[in-house]
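Q: Based on the hints, put chain F in the right spot on chain B.
Chains as they are written, first to last, in this note's numbering: chain B, 107 to 794; chain F, 50 to 445.
Read the hints as simulated data drawn from the structure, not as lab findings.
Here the structure is a predicted model, which is why all the values come from computation and not from measurement.
Note that the Cβ used here is the ideal one computed from N, Cα and C, for glycine as well.
Just so you know, nobody snuck in bad clues.
Below, computed lysine-lysine pairings styled on DSS-like, alpha-carbon distance capped at 30 Å:
#1 Lys136(F) x Lys325(B)
#2 Lys172(F) x Lys127(B)
#3 Lys578(B) x Lys638(B)
#4 Lys172(F) x Lys111(B)
#5 Lys197(F) x Lys325(B)
#6 Lys136(F) x Lys83(F)
Heads up, incomplete: computed chain B residues facing chain F, CB under 7 Å, no partners named:
#7 Gln315
#8 Thr322
#9 Arg395
#10 Thr402
#11 Glu786
#12 Ala788
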Amino acid sequence: MQRLKAIYRRLDRLQSSRTFKLIALPVALIVCICLSWYVIQASITRSTHRDQLARALQGINLKNGDELAVSLQKNGTMYVEGRTYGGSEFINPIIPWFDENGRIQSPARLISSMLSAETPTWIPLWVLESPDSARVLAIVMTILVLVVVGLGLGLKALLTIVPTALVYWFLQTIGAEKPAVVLLGVGVLSFTFIVLIQFWMFLLGIRGQAFAVAHTLLKESTRSRISLVFIIVLLIALPLLPMSMDPTAPLRHRLQSTISWSLGLTFVVAACMTLFLACSSIAFEIRDRQIWQIVTKPVGALQYLIGKWLGIALLNLTLLLVAGVSSFMFVEYLISLPVPNTAEGRADIQQVQNAVLTARMEIVPDYKSLSPEELSQKREEIIRNDSELKQLDAITPTIVANINREIIKAFQLAQRSIPPQAGMQYTFSGLQDAKRRGGVVTLQYLFHTLAEDDHKTYPAIFVINSTDINAKPSYPSTFVPTQSHVLDIPAQNIRDDGTLSVTIYNLIPPVEQSGMVGGINFDLTGLTLNYKVGSFEWNFVRAILVQWMQLCFLGALGVTTATFLSFPVACLLSFTIMIAGMLSPYLRGALEFYDPGSGQGLDWGDLGVAIPFVFTWTMQRIAEAILFFVGSFGEYQPTNSLVEGRYVSPKIILEAMVQLVGAWSIVTLGLGYFIMRRRELAIYSGHG
Amino acid sequence: MVKSNTSEPIVDAAGLTKVFRDFWMRTKAVAVDKVTLQVHPHEIFGLLGPNGSGKSTIIKMILGLLRKTSGRLTVFGKLPTDVAVKKHIGFLPEESYLYRFLNPRETLDYYGRLFGLEHRIRKRRIDELLDMVGLGQVAHRPIGEFSKGMTRRIGLAQSLINDPEFLILDEPTSGLDPIGTRQVKDLLLDLGRRGKTILLSSHLLSDVEDVCDRIVVLYGGKVRAQGTPDELLSVQDQMVIQTGRLKAETIARIEQVIAESEQKGVEKVSVPRQRLEQLFLDIVEKAQREQVATAGALQGRSTAAFLRGMESEGASLIEQLVTEGEKDTPTQTMPAATVQTESNDVVDSLMKPDETVVLKERRRDSTEKVDTSFIDSLTQERGQTKPNPPRDGKGA
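This is chain F alone, in the form it adopts within the complex:
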């Protein structure tokens, strides 16, 4: 039985190297070159790098799809090819490689059976996952008829069917619309809150930045930088102050104060802009409130109950009570994510008091991140180049 021990890393790679050779055993490419990294329990770990940097190769070696050329690699303290290890892993590949002839329900049922889940549990999880990824309505249509984004959602759902202890996501937001992207980020944060370990690979900087606790930057198969986002991204010699709208003379006075006391000038003053992502989400949410029909995926609902540790009968009852409560309140017409985040708080506080603290901490982080976006836009307006500060996963 494989069980994650908080003191031991889930993935432990040392000097990991992968060399691809051709038929004549000549070196074709050194995809991974002496990489040393550790993924610890309960952290969201980001693999960042451009195309061809070795991210997917590392993931494939972790999953046993490729064999290392040299170095050491263990997953849950065992070889990656050990079948028992895979029971605790959820994997979303860079593209969703699913059977075109199966429908979403059958697909999830198949993968659930491969994990040896009981029929009753499978059925409940499938319903929750389909609801979560917004495909409950098309659960009986063959996947071959789906768009890339819809397929991606099923891919995501299948990676969660076993409620994995360790989730590996290779470019999880690829092919998803902004709503789906936001949901994935929300989901990762939810799972992180539940103490899941997540390995996230992406070349989309914002994906990694928004959710990861620790990041490795790869290039040419080698580790170029490693640390927490704060360690890697904070700009030590600058500050941003965000306020309400100020008059020109107030700004002038502030500039004067700063010049007098700090002998420094204000580099950029600007009015914050709403992000395009937020604008898009607002439009979609408005349309959904007006019940505009769509043939594709619906906006997914909150994270599946079993992923929030609520698979027991008691938990279902509580969730049912909460859901019924929601139905009675006017917030039902609010954007689903908002409404359900609130319900998450209630349920989580009922079920897992320890995690509520984590939630609140993350919430607090999010609030801080919202504030920095204003400063960011101010600094950008002044034309200064600087790394983006951390943002909230919801892009608010």
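Bound-form chain B, shown alone:
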């Protein structure tokens, strides 16, 4: 044992030496570049050939005597775009290539088989299937290897990876596949986390008091129980989450669940950890007087606070990177799994490509709004026709506000309702970019009917750029209530001014057999036009960046509250603000229906009326204040956007950076600085 320890120490010293690093780093870089180049090339080649084969196989039929089909049947080969695929081993497979009608049974299986001979088996299929994944993986792995070598962690990496791989192999051998994957996941994620933390600490080694504080906070985070618990929970839960999914569920649901759960869980865990760590780090330092040893050094209060904030921000970035890479890889793995060659399977794949693994712009129709005159006119009409209102001595502002709200609501709802046997035209604007890009734009719709029978289908026709039901192009369709549907429209239909009109005709008979009226209605997001503007991979990265900025703000919040409050109170306040911020979209919606009025004409002598008014008025003001200060926090929902394939634009990142980091975090830290400067950090001890 002593001998082994001595060998380990010697090797550790060797890998930590400058000479070793100077030699090993370029070697590692060259190896990584070569390997990455090979993998990326293999992936590009495979995806090109796959697409060529897919195009060639489209619509071929053996019974029609199609050349490719005949060649496959006779020789087991196919000649596509100057290349011959297959060979004699493809003649008479166990499961025939063609069905009884002469069509190819499963093009995906055929393509996969044809390409298997020419792709290296040691590269995971999910990497080969997507060149973007291969690129991301290559970059991540290269950085990881360089960091490991540069920080002298190679030996530790070997000692972690080799035993983990051995146990994984053993568990695989005995058939315990799930525990094996979980174990491998935990091992890899933990090691990645450690490497990244070491990397940040290495970078924070540069001169500067704030960096020193951040460096120590990172050490604290990996050694103190309060943060370690969250980190461990996350590192174990991330590989476990995919295991808990139903493998028979549609691919789209599994993908969306994977993204939503892993990134959602990561955000919640990281947010809780951020607040606990930020509050504890400073509040405990003040309570336990370690702060005396710091502020008596040449460290300004701002440097101290920024150091703490920076440390937390880097820790969060590490967690998000680990979680991001983990969920991204699992998504890629899920995509590479075979999908049943059924109508549902094909629709599933199409939905995955159109609605999940994409970055699309989502545009809602241009809904009309009422002008003040129209609103006033409608209100007067209601007051004139309402017998109860007519009897009132005076129409109070509260009543006016309530009537206005009802009118606006009814007006909006009317625009999203299509009566039976009638049509409604919706215009989408700002589509110049989509027209320029070409391809198709996707109309996504989720309709409700009063019957809401999701076992029935209902007819509808979508007419483009015309209100005439017989005009072309038009798309007759059916829909199932409460389920999302998509309709691809060629982008060439977009007018030069960037608008596209869609008239939806509701073909449901006026009265169904059940006696229910067959009107269609939908929510604000129930009818949208989407078009692809970017790749899922970069959308994923942008979504993580937005999450990180949200966490940065939480870090600043925790740091600041701890400058003047004890740990539990600081946590309470920080969590309240965070939850209020996260719930702000709901709060905003609720406030629309929560208007106590101005209080004019109120009988203040009647306490039964006055007290509820004061209460509701106060609640409204508090809610408005929350929305004013942190309302936008909850508006950023990068995970939701990612799950639904919506484009997380650079503009959103810029907004988040300016608002969450540039404004809120700086203002919050400024407040903390002001408090720290004013505060006496020593207290009366009673001992002079």
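A: Below, chain F without anything else, positioned relative to chain B:
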């Protein structure tokens, strides 16, 4: 840039008052009440007083941890809250408030970085300080596992990492064993020799008495007495003569001579006793010579080289030569403090001839102080109450 000017006091307090108030702004305590004091460059200044006398409050105000209620207070001629001032201050609080999750090396590195020290300098100083406080062996164990004394040693080391011009020590020997206590006193004397300014707060009279050039005695937040130890402690109407062991008839004759010539009697005649501290140190040193294992802190070595003004490459070379010389001599087995005090002399005389004079003066003082301890024990045996005369920091 803050720089101490020998003509200007490092700490200048006039009418300094600190009143603690409760939430309702009612006076809770007047911790410091119109204190006026000055700490001059290159002096070891003692704040003496019982618990609650205002010592720590004054220190906290000097460090900017508390704000004065009224009066004037400057440190290096600036406000105590000025960040630039803190670059020149080393501070050891009454308890060592350190991160439990860091080990000694990381702790010192952290504080070194807060002072903006370069990596190379930090590394060297950390090694020297850990060696000095005897914790080199446990440099990679988390501080959370340390005893109070070991933590105290790290606290002391962190207060010296920046080689401070002005060192503030609040109860520095609290929690330390006699060896550690002696080392702290030695260190203070070493630093004093190098011209450092030290503010020492303690309620342990011997701590202050052994090392301070000037003392302020506080009680109830007010200054009750101020001056040098000699001014405050010397008993003008008594004398002590120390000799080898005398026969009874010799003593009788001396008594007779004194009675005849001075018309006074001898108040106390006794055989001197060894101090308990010295006995303890002897036992520990013997055990260390016999290499008895200990899980705690080792006996620290000499004052870190950089604290003796030897941070330059040339100085390191000289120290290396001296250290190698020591290794070759039999004195290596002698108690470390003795051996290294000798080496200090050599190095100091090579590096700082002016300071050698100071050293010798202090040495001479120490010799005188040893002699007085015998007289002290003689007088104590006769049952007479009188203030303790000054003693050597090593308790010899």
